[in-house]
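Given these sequences and hints, build the entire structure.
Chains A and B supply the protein sequences, listed in that same order. Counted the way the working numbering counts, the first sequence spans residues 47 to 312. Counted the way the working numbering counts, the second sequence spans residues -13 to 168.
There may be inaccurate statements among the hints.
[To be verified] Quick list of simulated restraints, FRET-style, between CB atoms:
hint : chain 1 : residue 1 : chain 2 : residue 2 : range
1    : B       : Lys55     : A       : Gly225    : 20 to 28 Å
2    : A       : Val131    : B       : Val150    : 53 to 61 Å
3    : B       : Ser45     : A       : Lys171    : 39 to 47 Å
4    : B       : Arg126    : A       : Arg281    : 27 to 35 Å
5    : B       : Thr20     : A       : Ser66     : 48 to 56 Å
6    : B       : Ala26     : A       : Ser167    : 47 to 55 Å
Rather than coming from a laboratory, the hints here were simulated on the basis of the structure. Remember, predicted model here, so these are calculated numbers, not experimental data. Where a beta carbon is used, it is the ideal one built from N, C-alpha and C, also for glycine.
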Amino acid sequence: MSTYPNVEVKQEKPSWTCPSCGATSDKGVGPVAGDGSTGTVVCGACGASFPEVRAPEFPAPPDAATAPPQPSGRNPLVLVVVAVVVAGMLYFGFHMARRTDSDPPSVLGKSTPAPDFTLESLDGKSMKLSDFRGKAVALNFWATWCGPCKIETPWLVQLQSEYGGQGLQVVGVAMDDSGKDEIAKFAKEEGMNYPVLIGKEDVGDAYGGVPALPETFFIGRDGKIVGRIIGLKGRSDIEDAIKKALNTQASSRTPAAASEILQAQK
Amino acid sequence: MRRAPSTRNYQVLVLLVLLTAATWAQEGRGPSVTMAPVEAVTAPRAAQTMVTLDFRVGSGFHINSNAPKSEFLIPTALKLDLPTDIVLGKIEYPQGQDLSFPFSPDEKLSVYSGDFSIKLAVHPMASVNPGKYAIHGVLRYQACDNAQCFPPKTLPVSIDVKVVKQPTHGQGNPAQSPHVHN
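Below is the structure:
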């Protein structure tokens, strides 16, 4: 049984004194309401109403700070705390699910080998990511319909010119369905001075799904992922990540193929 | 005298907290465009009836207008399949709002965000039998937030049309449409 008065009042109905007029229920002028359905008691003498939980004839509830743990779930504060916890779990649960969609799989974290793949370039050649082994690679997933991609493309063009001599290779992977001609037209208009490959879904999946564009992975000379930028960030953010990729040492290790990565995820 | 909050007040608070969390959670799941339910449209034969479709773009996102400012951007477009002998008139898209992405304030986009409406004219021909018909189709759109863009999507669109006789006209051609609903 709960120690709280809001439960007791319905069962025992002891003597009650009105805090307003002083009348007591012993003299027949006690509360006329307070059956628990309204949450209030009304003085039969003066008509004043009071919350049931504050009825003065019961021992006052202890202060919240010193209150012992309540064994019953009827405490409204407990309900609120439980609701807040459940709400928090709902919120973070959904957001973690979203992160799962957008983040690379754990096998694709920093310092893990970038999944290798083979894709067709705009000029019809088959290109593998591992063809660029020994170079720092900025692997940029983009699409012709992506406004932010159009903004960062000139930066990538400039950075390729600026750092190409130091070993940078920007690689664009077009993830749209608009066709090779449309992609080629965009690439020409933007003066893309780096390979543009026609993307495939399985390559996107190997890199975490790429649910939104642009998304750029920065791969060190050793073939390991050193950074990742999701969405449009500043040119300096891209440049910093490129410098980090350039500051890695080449390795002879063969990168894992995208198909192997996908298999490992299963 | 200060009143203590009742248990009922706490229950209402609990409900509000849970509803708020559910709303946040929904908003965190990516871009969405929804269409308000459309009441059945009564359309007299041999006349044009305007239908308004109300859409809402999820908070924090925008979609291209029907007339984006770049040929590479995907315009928002309504594509409808109409029953035989019901003709679709002009579709009126709202004008887009100018918007620019960060880092490129001079490059303006034409977008829809928040609520927007598309109007279309439905014109049952005089030969259509009075009755209930359904128009189905999709709204194709491509959404972005202020830093990234999401692949194009389609939203199913459905409009119920009740074709009625035109009072000034006599009995029309009894030819039946294969799409008639009963």
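Against the structure, the hints come out as follows:
no.: 1; hint: Lys55/B to Gly225/A: 20 to 28 Å; in the structure: holds, 21 Å
no.: 2; hint: Val131/A to Val150/B: 53 to 61 Å; in the structure: holds, 56 Å
no.: 3; hint: Ser45/B to Lys171/A: 39 to 47 Å; in the structure: holds, 44 Å
no.: 4; hint: Arg126/B to Arg281/A: 27 to 35 Å; in the structure: holds, 33 Å
no.: 5; hint: Thr20/B to Ser66/A: 48 to 56 Å; in the structure: holds, 53 Å
no.: 6; hint: Ala26/B to Ser167/A: 47 to 55 Å; in the structure: holds, 53 Å
Figure legend: structure checked against the earlier numbered hints; every hint is met.
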